[in-house]
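Sequence lines, in order, name chains F and U.
This note's numbering numbers the first residue of the first sequence as 1 and each following residue consecutively.
This note's numbering numbers the first residue of the second sequence as 1 and each following residue consecutively.
Treat the hints with care, since some could be wrong.
Stated by the list, open to error - Simulated crosslink set (PhoX-like; lysine-lysine; CA at most 25 angstroms straight-line):
id: 1; chain 1: F; residue 1: LYS68; chain 2: U; residue 2: LYS48
id: 2; chain 1: U; residue 1: LYS89; chain 2: F; residue 2: LYS71
id: 3; chain 1: F; residue 1: LYS2; chain 2: F; residue 2: LYS68
id: 4; chain 1: F; residue 1: LYS2; chain 2: U; residue 2: LYS89
id: 5; chain 1: F; residue 1: LYS9; chain 2: U; residue 2: LYS89
id: 6; chain 1: F; residue 1: LYS9; chain 2: F; residue 2: LYS68
id: 7; chain 1: F; residue 1: LYS78; chain 2: F; residue 2: LYS68
id: 8; chain 1: U; residue 1: LYS89; chain 2: F; residue 2: LYS78
id: 9; chain 1: F; residue 1: LYS78; chain 2: F; residue 2: LYS9
As the list claims (entries may be wrong) - Cβ pair distances, simulated, as ranges:
id: 10; chain 1: U; residue 1: SER36; chain 2: F; residue 2: PRO6; range: 44 to 54 angstroms
id: 11; chain 1: U; residue 1: LEU88; chain 2: F; residue 2: ALA79; range: 38 to 48 angstroms
id: 12; chain 1: U; residue 1: MET83; chain 2: F; residue 2: VAL29; range: 16 to 26 angstroms
id: 13; chain 1: U; residue 1: ILE5; chain 2: F; residue 2: PRO6; range: 23 to 33 angstroms
Just so you know, the hints here were simulated from the structure itself, not pulled from any lab data.
We put the CB at the ideal spot given by N, CA and C, even for glycine.
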Amino acid sequence: MKSLDPTVKRETIYVAAVVLLLSVLMQAVFLVIGRWDLTVLWGNLLSGTAAVLNFLLLGITVQNAVTKEEKEAKTMIKASQSLRLVFLLVVAVIGAALPAVFHLWAVLIPLLFPRIAVMLHPLINRKEGGS
Amino acid sequence: MELAIGIILGCCALGAGMAMIAGIGPGIGEGNAVASACEAIARQPEQKGAVTSTMLMGCAVAETTGLYALVIAILLIFVAPGMFVGILKDALTWIPTL
Chain F
1 MKSLDPTVKR ETIYVAAVVL LLSVLMQAVF LVIGRWDLTV LWGNLLSGTA AVLNFLLLGI
61 TVQNAVTKEE KEAKTMIKAS QSLRLVFLLV VAVIGAALPA VFHLWAVLIP LLFPRIAVML
121 HPLINRKEGG S
Chain U
1 MELAIGIILG CCALGAGMAM IAGIGPGIGE GNAVASACEA IARQPEQKGA VTSTMLMGCA
61 VAETTGLYAL VIAILLIFVA PGMFVGILKD ALTWIPTL
């Protein structure tokens, strides 16, 4: 197995950190509105882990795809995207089908945290560049 | 009553299926982005890190469209039917002549 590219490693660590931060924030919001129980925590853990794993798998695929020919890279990324979407679908269905263990909203919301991490990326990069 | 519930469930399932059509788009977009990145890296191999980083973030953004569709589909399958059937039953108790 090829080792992880430093760029992919760095970005995955960044996304994982933001997902963790936003998860803590979400738990706090649930606590404040009086809806917190263990199902929120389990749901958050399940989908937060899935979201970071999804980003890591995307990174590994991209790392492998850039060394290939254009057409092969295109096919590879399409197949990977389909498989990762199925993986997230399975996670979401598990979260929704077991309401006694996972809170539905706590499962669905963290899946979108990597998008927020990407949105914040230029801001953090600018800060790092400025200091 | 059973017919109305059946229509609600069918429409929810149909809507969920239609929402998942949006899952096709990100794959095509990401494929094009990676193909262009391959070309860029072949032209300037010293920029591999920067290109990979930018592309990774771009792919993550593109993928969110599919995730929105996934969330909508899950809500349509697991939340919407119960809600709509509840509304229907409430409506029937309010209007007993129906």
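Next on the checklist: For each hint given before, does the structure comply? Return the numbers of the non-compliant ones in rising order.
Outcome noted: 2, 4, 5, 8, 10, 13
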